[in-house]
Amino acid sequence: MSLGVVAAPARVAGGLFAFMLDVLVATFRFPFQIREFLQQAWFIVTVTIIPTIFVAIPFGAVIALQVGGLIRQFGAQSFTGSAAVLAVVREAGPIATALLIAGAAGSAIAADFGARRIREELDAMMVLGIDPIHRLVVPRVWACVLVAVALNGLVTIVGVAGGYFFNVVLQDGTPGAYIASFSALAQVPDLLQAMIKSMIFGFLAAVVAAYKGMNAKGGPKGVGDAVNESVVITFTLLFVVNFVVSAVYMQLVPPKGM
Amino acid sequence: MGAEVQVSHLTKKFGKQLIWGDVSLTLPAGEISVMLGPSGTGKSVFLKTLIGLIKPDEGSVIIEGVDIATCSERQLYEVRKLFGVLFQDGAMFGSMTLYDNVAFPLREHTKKSESQIRQIVMEKMELTGLIGAEDKLPGEISGGMRKRAGLARALVLDPQILLIDEPDSGLDPVRTAYINQLFIDLNAAIDATFLIVTHDINTARTVPDNIGLLYHKHLAMFGPREMLLSSTEPVVAQFLNAQRVGPIGMSEEKDADQLAAEAGFSMPPLPPITRQLEPSNGLRRRAQRPAGQWCRENGVVPPPGSFEDAVAAPGASA
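Same order as they appear, the protein sequences are chains W and V. The first sequence begins at 957 in the numbering used here and counts up one residue at a time. The second sequence begins at 10 in the numbering used here and counts up one residue at a time.
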């Protein structure tokens, strides 16, 4: 096995990490690009909001169906609501957000930067004495973070509502039991950890997409490759990070006693 | 007032592949220099090294006392404000109109009011013949217009050094002649140091004060235009006269057999040296020299018929 097999991925990881630090440092450099931040946030909202709703409804529904079926076998129908809510709030919300941010916003960012790279726009910007990380990447990253948190809220609400609909209307659960069991198991830290998760996901997705896009090479094909790699890397990274954050959360926050 | 660029012992490799090695030259302040070379000899890489977009492996590029090759990122962004760069395709920001593109450096770097910005932008757009196209997006205009827009953007911060990457690629001969005349007029007006990277012979013969030739991974020659145009050095003579006879082949260099086969032939005689373009705006360039001065001073007899053509009229390409 040659050194290259180990060195190449290590170089990408190292480059990505260095890039992430650059972004963090540039965040605190004056002036923050408010205009670009708002424009990008709005752009990300427009490309993600519709798919988010369409993903969230079946997500809530399928959890309600699966969990509902399982729980009925245990004879604990009155807890269907809480189980569904916990699954949606703790995991499904951030994961669905992650998929959409990486798939819709991340690919758009990577394609945009890739095109700018091969058209020498980024070079032109650097030559004009403007740091593209400060001017373009930082606003996009924080716009992604903001939108990820907002989307997480949307997925949670739509998912819980979808679960309610399936549980109450289609599985003959009672509204009272659904709502009551909700507050029996769920607690505020569940929501907080979901928000923190989605912030991390939004940050990572945007950083990976920007990094890959800015390092695209080899003409139009390079842009396609960069988009593809950024989505694959982000997905992989997000699922790993999701597991780690969940595991840490389980250790830090005790489950609510009944 | 232009700034001098001192390049010494510059070497660049991509991995193990040497692009060029040990390039040393000085771009004299306020003069126009052209860097020539066959395709694929790293001319664009050279240009990008001068502005610190690519770090060289060895050597230094010194501008106003700062070494671009080793200075900090912060210093680099400061030094770059001295530069105006015209990229091959103009490198316009695709999401902005031409007006916003040209105004961009002013909005980012100065505290000028919008009306002041408008005045400067319109002045530069008029200079480059873009009046009426302010609201177009870069995707909607021709390559020649994109180049001129790139030039307008490169000019708004009053650069001391202008780097121009292949101004003539993809342009018809008439537009090329106009843009060449524009460089001469600009040089007379703003007195900046120009470096034009090209492989257009006509541009190389009529525009610059100095010519450099990159060939076979090194700088074959750099000096005043008359020195290169009267040179009988095979590589220089072959390239500047666009001939097949000589050491440069279809691929980077000819193999030994081919060179041996050509050994019997001598290089064809040099064509006359044409006059350099002169400013059409009535100004005089500081670097302007009387035709034939270098040849007289250095005891070189220029090819017969040199400098006898009429003074190039504005817009004419020799």
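Check before you lean on any hint, since a few could be wrong.
Cut-off 30 Å, straight-line C-alpha distance, at most; resulting in silico cross-link-like pairs (DSSO-like, lysine-lysine) [unchecked claim]:
id : chain 1 : residue 1 : chain 2 : residue 2
1  : V       : 25        : W       : 1173
2  : W       : 1173      : V       : 121
3  : W       : 1177      : V       : 226
4  : W       : 1173      : V       : 90
5  : V       : 22        : W       : 1177
6  : V       : 145       : V       : 22
7  : V       : 226       : W       : 1173
8  : W       : 1173      : V       : 120
Chain W side only, calculated, beta carbon under 7 Å to chain V, not exhaustive [as the list claims (entries may be wrong)]:
id : residue
9  : 1089
10 : 1176
11 : 1180
12 : 1181
Derived from the structure by calculation, the hints contain no laboratory data. For every residue, glycine included, the Cβ atom is placed at its ideal position computed from N, Cα and C.
Now the hints, each set against the structure:
Only pairs whose Cα atoms come within 30 Å are accepted, and residue 25 of chain V paired with residue 1173 of chain W is accepted, the gap being roughly 19 Å. About 37 Å separates the Cα atoms of residue 1173 of chain W and residue 121 of chain V, which puts this hinted pair outside 30 Å; it is violated. Between residue 1177 of chain W and residue 226 of chain V the alpha-carbon distance is near 28 Å, which keeps this suggested pair within the 30 Å criterion. Among the hinted pairs, residue 1173 of chain W with residue 90 of chain V is consistent with the structure: their alpha-carbon atoms are about 26 Å apart, no more than 30 Å.
Note on residue 22 of chain V and residue 1177 of chain W: the hinted pairing holds, with a Cα-Cα distance of about 24 Å set against a maximum of 30 Å. A hinted pair counts as satisfied when its Cα atoms are at most 30 Å apart, and residue 145 of chain V with residue 22 of chain V does not qualify at roughly 40 Å. Proximity of residue 226 of chain V to residue 1173 of chain W is assessed by CA-CA distance (about 23 Å); at most 30 Å being required, the pair is judged to hold. At most 30 Å may separate the alpha-carbon atoms for a hinted pair to count; residue 1173 of chain W and residue 120 of chain V exceed this at roughly 36 Å.
Given the 7 Å rule on beta carbons, the hint for residue 1089 of chain W is violated: about 10 Å separates it from the nearest Cβ of chain V. Interface hint at residue 1176 of chain W: violated, since its Cβ lies 13 Å from the closest Cβ of chain V, which is beyond the 7 Å cut-off. Residue-level restraint check for residue 1180 of chain W is violated (minimum Cβ-Cβ distance to chain V is 17 Å; threshold 7 Å). Using the Cβ-Cβ criterion of 7 Å, the hint placing residue 1181 of chain W at the interface with chain V is not satisfied: the shortest such distance is roughly 19 Å.
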